[in-house]
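Once you've looked at the hints, dock chain B against the given chain A.
Same order as they appear, the protein sequences are chains A and B.
Each residue of the first sequence is one higher than the last, beginning at -19 in the numbering used here.
Each residue of the second sequence is one higher than the last, beginning at 79 in the numbering used here.
Just so you know, these hints were derived from the structure itself, not from any lab.
Hints should not be assumed to be uniformly reliable.
Lysine-lysine pairs mimicking DSS-like chemistry, simulated, CA-CA at most 30 angstroms apart [what the hints assert, rightly or not]:
| no. | chain 1 | residue 1 | chain 2 | residue 2 |
| --- | --- | --- | --- | --- |
| 1 | B | K511 | B | K303 |
| 2 | A | K55 | B | K381 |
| 3 | B | K398 | A | K55 |
| 4 | B | K467 | B | K339 |
| 5 | A | K(-18) | B | K467 |
| 6 | A | K55 | B | K467 |
| 7 | B | K339 | A | K63 |
| 8 | A | K55 | B | K107 |
| 9 | B | K511 | B | K271 |
| 10 | A | K63 | B | K398 |
| 11 | B | K93 | B | K467 |
| 12 | B | K398 | A | K(-18) |
As the structure is a computational prediction, the values presented were derived from the model and not from experiment.
Listed here are the chains, written in short residue letters.
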Amino acid sequence: MKISHQEVLHIARLARLGLTEEDVERLTEQLSDILENFEILQQVDTSDIPPTAQSGALLNVVSEDETAPSLPPGKALANAPQKEDDFFRVRAVLE
Amino acid sequence: MTEACLERVRQIEPKLGAFVRVTDELALKQAQKADGLLSEGKASLLTGIPALIKDNMCIQDIPTTCSSRMLENFVPPYNATVIEKLNDRGMVTIGKANMDEFAMGSSTENSALFVTHNPWDLSRVPGGSSGGSAAAVAADEAIYALGSDTGGSIRQPAGFCSVSGLKPTYGRVSRYGLVAFASSLDQIGPLTKDVTDCALVMNAIAGYDSRDSTSAGQPVPDYTKCLTGDIKGLRIGIPREYFVEGMQADVATAIRVAISKLEELGAQVDEVSLPSTEYALAVYYIIAPSEASANLARYDGVKYGFSYQEGQNMWENMEKTRQHGFGPEVKRRIMLGTYALSAGYYDAYYVKAQKVRTLIRREFDEVFEKFDALVTPTSPSVPFKIGEKTNDPLQMYLSDVCTLPINIAGVPAISIPGGFAGGLPVGMQIIAKPFAEETILKIAHVFQEATEWHKMRPEIQ
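Bound conformation, chain A alone (with noise of 0.2 angstroms):
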């Protein structure tokens, strides 16, 4: 399976992160070697499995609807770039 730069450029973009051009150019050539190599599990005949997401034997974990303490905002805020008052501050999502 070979990728382009233009599917390498869409992805990223479904990321949201940046590259470089040299990373485009390296990634398109990693990324197409790798997804070459996944290339043999089409062997595998899958048509009755059903897919497993985690190993574990829990289903539909819930938890009792109990109030505890949680962090107050100070601390929650204390790592974040920018804020203003006890809210997270970010730039205009709609211009």
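Showing chain B alone in chain A's frame:
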């Protein structure tokens, strides 16, 4: 003991590079408290014992970097559950351990901070991603360490540094406060100087936690009770697919010798087949990056972590935050995972991998109807040279070929010192069915009592 470890750190850390941070102030404070508990007769077996914590587990008010530029200045406001549990037993935290960035790697060369060296040969890698944890325990900088294992990240470095490293059953240890990489595969576990220590740390960290909805409710046994010194009649399978093509011949030989030892000690040994093993690498490198791409979406430069502010708009800031905050391997895996989850490829890659995951799990289930445990090499080679595989991601991925299937199936496995090849460590992996950590520890302990490998210590030049 804390002072002795800190002195050792001062001496050899410039050569080794295992610590991202030495928490000497905290350690000495905790050691004093431990002295108090000891004199009052309130100590546990872990009270006052200096431990090193992989830098992807949160300790309140101590930076947790994941060896990434993205989290270089992140200071967690809370403790991971494993830290709380160990603190309850009087742990002395002497530092945070270097690792591959976000636990993605097999050599600790992907740390954005610096490279860690293997104490057995400083020109070689310690393995990864818990390379700092393994190197420090092997070099006597810490008495034990915590690591995390998503595809071999405890066992492979344990093997490369000749220490014991256990990846528990998925769900056995709470992941609360562990920075997420691939949530259906990640588990925290101990890296120790011997199997008894491994059991002691497991006693402290295992158990249900309401803050991790995937943690298991099974009661936690006293893991030291299974160290009985008797494996007569235990059925051990040797899966032939794990002696892979391209495996270093003297590594295979060392493990064959170790297996004969187990037979001599009373185990019934037979060859067995796990035919889907050859698909494990592809399954892992689809599922783990897919989960990673979702988990790492949180690094947007808004809530915490590195934040690029100079862009024209919000999207540019987010893209540049991620561009400058993540290193090459993390970017590669985000791209791979995003691709496997994207429209048009989701069924062909992600769902297909999940289905083959079912087949791999079923094979383990079937084999464990006939066998109590499986024994394999931990890695196909001895520790490789620093820089040897950094330009070829596929070659690097192949160094985990014997450990990946275990995370895919969610079963527990240990790596213990199994011998040496050309003066370098060879790890032996012991695998059992879910929640059969006791069987693993029993076999590992009997082997350890009959051999001297775990007592050998590197001479750091």
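Here is what the structure says about each hint:
no.: 1; hint: B:K511 <-> B:K303; result: 19 angstroms, holds
no.: 2; hint: A:K55 <-> B:K381; result: 12 angstroms, holds
no.: 3; hint: B:K398 <-> A:K55; result: 26 angstroms, holds
no.: 4; hint: B:K467 <-> B:K339; result: 33 angstroms, violated
no.: 5; hint: A:K(-18) <-> B:K467; result: 23 angstroms, holds
no.: 6; hint: A:K55 <-> B:K467; result: 42 angstroms, violated
no.: 7; hint: B:K339 <-> A:K63; result: 62 angstroms, violated
no.: 8; hint: A:K55 <-> B:K107; result: 24 angstroms, holds
no.: 9; hint: B:K511 <-> B:K271; result: 24 angstroms, holds
no.: 10; hint: A:K63 <-> B:K398; result: 20 angstroms, holds
no.: 11; hint: B:K93 <-> B:K467; result: 21 angstroms, holds
no.: 12; hint: B:K398 <-> A:K(-18); result: 27 angstroms, holds
Of the numbered hints listed earlier, those contradicted by the structure are 4, 6 and 7.
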